[in-house]
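Trainee: Sequence:
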Amino acid sequence: MVKTPIASLSLEQLTTWLSARGEPAFRARQVRRHVFAGDAGSFSEMTDVPKTLRAALDEAFDFFAVTLVADTRAHDGETHKGLFQLSDGARVEAVLMPYHRMGDSGEWTVERNAVCISTQVGCAMACAFCATGEMGLTRNLTTAEIVDQVRHWQHVLAAREERVSHVVFMGMGEPLHNYVATVAAVRTLIDPEAFGISARRVTVSTAGVVPKIDALADEGIPLNLAVSLHAPNDDVRRSIMPIDRKWDLDAVLEASRRYVRKTKRRLTFEYVLLAGVNDAPEHARELLLRLKADGSVPLSLFHVNLIPVNRGPGGFARPSDERMERFAAILRAGGLAASVRISRGQDIAAGCGQLKVEVERFARAARV
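Counting with this note's numbering, you get residues 95 to 462 for the letters of the sequence shown.
Think of the hints as simulated: they come from the structure by calculation, not from any bench. There are no misleading hints in this set.
Straight-line C-alpha distance at most 27 Å; calculated BS3-like pairs for lysine-lysine:
(1) LYS306 to LYS358
(2) LYS340 to LYS356
(3) LYS306 to LYS356
(4) LYS340 to LYS386
(5) LYS306 to LYS386
(6) LYS340 to LYS306
(7) LYS386 to LYS358
(8) LYS356 to LYS386
(9) LYS145 to LYS97
Owing to the predicted nature of the structure, the values given are computational and were not obtained by experimental measurement.
Generate the whole structure from the sequences, applying the supplied hints.
Mentor: Here's what the structure looks like:
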C-alpha cells in the first residue's frame, strides 16, 4: 500500500486526521514539531506521543518520502552529498554544506548549515556543462520529496544540536519548471509551524523561465532569486543553454529587472566560467554594459556570482584563478558587485547530478 508522506500534510490536515481518531488538537503541533525539528527519525522515536498513536501514524503515513542510499563526504570533512531514492526507484541528490568561522576565543563555531536540494528527477534544460542536463527530465518531485531532502539533513544535524539555516534550490532540475511544488516547499521551509527558516535564507535558482520569474515576484515571498546567465550575449548563451532559444538574454534580463522592481529585493546572476568560452575580459565588459543598459534598476541591486565550472560533461575546463579574478575585477571596476564562488565538494562530485551519474556508472559495471 502506498502511504502518504507525513510532510505533505498541512497543520489543518493533520489536525483533522487526529481529530477523527479522538486526539486533542495540540497533538498536531506536537507531531509536526518532531517531523520538522529533526529530533526524531521515525514515528517510534516520538517518545512523548502515545504508543498507540505512534503505531497509527506509522500505519497511515511514511515518515520520509526519500531514502538515503549513498552518502559521500568531501576531503574538507564537512560537505556531505546524499543520493536519495524515491518511492518509484528514481534518485535525486542533496548536499549539506556547513560553514564555520573562528570566534574571539580562537575556537571554530558553526556560522551556518546550508543545504542544496533538487526539484526534479533529471532536467529538461540540457545545459551543456551540467551533469543533470545529460539525463533529460524524468519527472517533477512532489512537495514532500523536496522538503524531505531538508528534513534528512535536519535530522543529521539535530544529533549534534545544530539545524539547517539556509536552503538553496540549486540541485537537480529547474525549480521554476516545477513551480507549484517548489513554491509549496518554500512556504513549508519558512512556515514558523514547520522549519521556521527565514525567507531571506532561502535561494531559488532558475535558468531563466521568464513567465515563472514574474509569477514568483507576485508570491510575496522575500526569498533570494538567482538567475543563470552564463554568457553576455545570445550567441554564446545559446551554445551552452538551449533555453536561450525560447527566452533570450534580453527577455531574461527584463524579467529580472521586473522582479527587482516588484520585490525590492537584490538579485543574483549566476555565471559559470568556462575556459575559452565565456571567460575573456571582453565577455566581462560586454556583460557589464548589458546590465547597465536599462537604468530602471541600479547596479547596486545586482550581484554576479562567478562559478568555476566543475569537472563533468562537455569537456569544459576551469579558468585559472588569475583569469577569474580579472573577470571579477572588471565587473567591480564598473560598479557591479561580483564574487568568485569557491566550489564545495569537488572531490565528491558535488555538482548537480554528478553523484547520481557516478553511482549508476558503478552499478552498471557491477552488473557486467
